[in-house]
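Student: As a plain string of letters, each chain reads:
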Amino acid sequence: MLYKKKWPLLIFLLPGFLMMLIFLYLPFIDNIRNSLYDMTSIVKMPGQEFKYIGLDNYKYLFEDPKIRISIINSLKMMGLTIVFQIGIALILAIMVDSVKHGQQFFRIVYFFPIVISATAIGLVFQLFYNYKGGMLNQVMAFLGKEPINWLAPSMAFIMISIPILWSYVGFYFVILLTGINGISHEVYEAASIDGCSRFKQIFYITLPLLRGVICTCVTLGVTGALKVFDIPWAIVPKGAPQGLTHFLGTYMYEQTFTIGNFDYGSTIALLMVVFGIVVSWLVNKIIKPDDNL
Amino acid sequence: MSVKVKKKKLSIGRVITYMILIIWAITTIFPFVWVINNSFKPSREVVNSSFSPPKEFTLANYENAFEKQNVLTSYYNSLIISGSVTIAVLTLSSMMAFAMTRYNFRGRGLINSLIISSLMFPAFSTIIPVFKMMVEANLLNKSLSVILPQVAGNLSFSTIVMMGFLRGIPLEMEEAAYMEGAGVKLVFTKIIIPLLRPALSTVAIFCFLWSYNDLFTQLIMIRRRVKYPISALLIEISSKYGKDFGLMAAAVTLIIVPVLIVYIFLQKNIIKGLTAGAIKG
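Quick mapping for you: the protein sequence lines, in order, are chains U and V. Following this note's numbering, the numbering of the first sequence begins with 1 at its first residue and continues without gaps. Following this note's numbering, the numbering of the second sequence begins with 1001 at its first residue and continues without gaps.
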């Protein structure tokens, strides 16, 4: 456009593009290829060739009981994210918008856990859940009840979901609140003159006008739920107990870097990408029918 | 009239609203206060009375963390890694965004869609080949092995933010400078970079925090204790000394406090920075 000489373009574009080519695009393609070979080690020994096994890894996805648990847990996490993370964030945002004082305070406080590393949050909850002398069992003792094994197979998934869900509510809260603040006051004024109650206004004005923002939040939420790793790994590594708390991310890590099953790990990683694309396509299909939103 | 309005403001609904909002605020503050409080107690006191303020105030947990667990070394490692990632991403993404918004060239559409589509692949889907590369290049356990993939992972997002920002800047100033005979390099460093400052700070905050908190890459690339960044060290402490509650609380406090201090000063920018990507869509 403005600049006639084209050669500086190369200097501006090339370094960044090379970084992405070497560390994103090529590895991504390599990852697909890896999933088709039986990789016995990460680096080939001289003269060694990996055996081509075609789709064996993909067939194994259907037989592996642990991947089934991981997939179900990741899908459950997506559902919980929509209902609790975004649901709570939406309620809080509507409430904060309706009060006149302290908006800035609530914004700052609610957002705080997002800034803190998920590893630290996971470890705090580990201290809460500990059987011997954990925070929750101290409360139980105070109430005169028996201590509970909070990470027992029957409840481990729920207990691990709580910090994951809780820590990100503030993120969607801020996005939704920004959206609500953007709705013009005149619309509300007109509605209340016409006798529409504050409660009804939420359903007839706020929610419909927020549809686009909610759609963004849901897309971010479900793709984020797929990538869950730090918090479960910090509370109970390797999906303990009995792999019941594995998510796709933690299972992929365990398969690849503690068991050394690189090709199967690549397969799981690819599965995560496919899930991500399908799910965000679905979200856009279901709740964003109008392109203008 | 004004009395009536005041009465309306103190309605039951409003009180309940405030109560719910304050309860949620307490849930977000309480865990951190609890941990900080317990980091000043010996472990046996944490196990028995974790809610009361310390009876015998002690800094032993911190001495342990600094002397035996080398927390300072890990801080240093984290600072090197996250600082380099931030600087590299800022430099590369502002250059790319400049090229993408100020030049017309063949293949621009293709590069644009490559940048956007790379947002779709998570770190999981590239980490195994990148790990292999690092093993082959003998970079494992070196900071560079974490820096390079993190730079690549943050580049596309940052470039998109910068492109959005640059499109909104009118061309006149650059045009004037260019017509006066300033070269592209001069235009970029003297006009574009200063104009980009708000976008740069948004991206810097995002990149630094993301890299500081990213456990996944750290765990995979760094396997030697002296080289651990802070999150990896935390996992190591928890797996070895998980029953030493006092030490655990101190270690968690040490990872939280620097972020907390920065957050108090920069909260507005941080919230903006971390939600920028979302609002852009």
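Don't take each hint at face value.
To be verified - Okay, derived cross-link-like pairs now, DSSO-like style, lysine-lysine, Cα gap no bigger than 30 Å in a straight line:
(1) 200(U) x 66(U)
(2) 1068(V) x 227(U)
(3) 1132(V) x 51(U)
(4) 145(U) x 1132(V)
(5) 285(U) x 1272(V)
(6) 132(U) x 66(U)
(7) 6(U) x 1243(V)
(8) 1132(V) x 1142(V)
(9) 1240(V) x 66(U)
(10) 51(U) x 66(U)
(11) 1185(V) x 4(U)
(12) 145(U) x 132(U)
(13) 5(U) x 1055(V)
(14) 1055(V) x 132(U)
(15) 227(U) x 1142(V)
(16) 1190(V) x 1272(V)
(17) 1190(V) x 100(U)
(18) 1272(V) x 4(U)
(19) 1185(V) x 44(U)
(20) 1142(V) x 238(U)
(21) 1132(V) x 59(U)
(22) 1055(V) x 1142(V)
(23) 227(U) x 1272(V)
(24) 227(U) x 1055(V)
(25) 5(U) x 1272(V)
(26) 227(U) x 59(U)
(27) 227(U) x 1132(V)
(28) 238(U) x 1243(V)
(29) 1243(V) x 145(U)
(30) 1132(V) x 238(U)
(31) 1240(V) x 132(U)
(32) 44(U) x 238(U)
(33) 66(U) x 1055(V)
(34) 1142(V) x 132(U)
(35) 6(U) x 1268(V)
Read the hints as simulated data drawn from the structure, not as lab findings.
Student: For a C-alpha distance cap of 30 Å, please report whether residue 1272(V) and residue 4(U) respect it.
Tutor: 36 Å, violated
Student: Taking 30 Å as the top limit, are the C-alpha atoms of residue 5(U) and residue 1055(V) close enough?
Tutor: This hinted pair is violated, its Cα atoms lying about 72 Å apart.
Student: Are the Cα atoms of residue 227(U) and residue 1272(V) separated by 30 Å or less?
Tutor: 22 Å, holds
Student: CA of residue 5(U) to CA of residue 1272(V), is that 30 Å or under?
Tutor: Between residue 5(U) and residue 1272(V) the Cα gap is close to 37 Å, so the pair fails against 30 Å, i.e. violated.
Student: Just to be careful, I want the Cα atoms of residue 1190(V) and residue 1272(V) compared with a cutoff of 30 Å; is the pair within it?
Tutor: With a Cα-Cα distance of about 26 Å, the restraint between residue 1190(V) and residue 1272(V) holds, given a limit of 30 Å.
Student: With the threshold set at 30 Å, check whether the alpha-carbon distance from residue 1240(V) to residue 132(U) stays at or below it.
Tutor: 17 Å, holds
Student: Could you grab the alpha-carbon distance between residue 238(U) and residue 1243(V) and see if it respects the 30 Å cut-off?
Tutor: Roughly 19 Å separates the two Cα atoms, so the pair holds.
Student: Take a quick look at whether residue 145(U) and residue 132(U) sit within 30 Å of each other, Cα to Cα.
Tutor: Holds, at roughly 14 Å.
Student: Checking one constraint from the list: CA of residue 1055(V) to CA of residue 132(U), max 30 Å. Satisfied?
Tutor: 20 Å, holds
Student: Need the status of pair residue 1132(V), residue 1142(V): alpha-carbon distance at most 30 Å?
Tutor: Holds, because 14 Å separates the two Cα atoms, which is no more than 30 Å.
Student: Can you confirm whether the C-alpha distance between residue 1185(V) and residue 4(U) stays at or below 30 Å?
Tutor: Judged against 30 Å, a Cα distance of about 14 Å means the pair holds.
Student: Tell me if the straight-line CA distance from residue 44(U) to residue 238(U) falls inside 30 Å.
Tutor: Given pair residue 44(U), residue 238(U) holds - Cα atoms ~27 Å apart, limit 30 Å.
Of the numbered hints stated above, those contradicted by the structure are hints 1, 2, 4, 7, 13, 17, 18, 19, 22, 24, 25, 33, 34 and 35, listed in ascending order.
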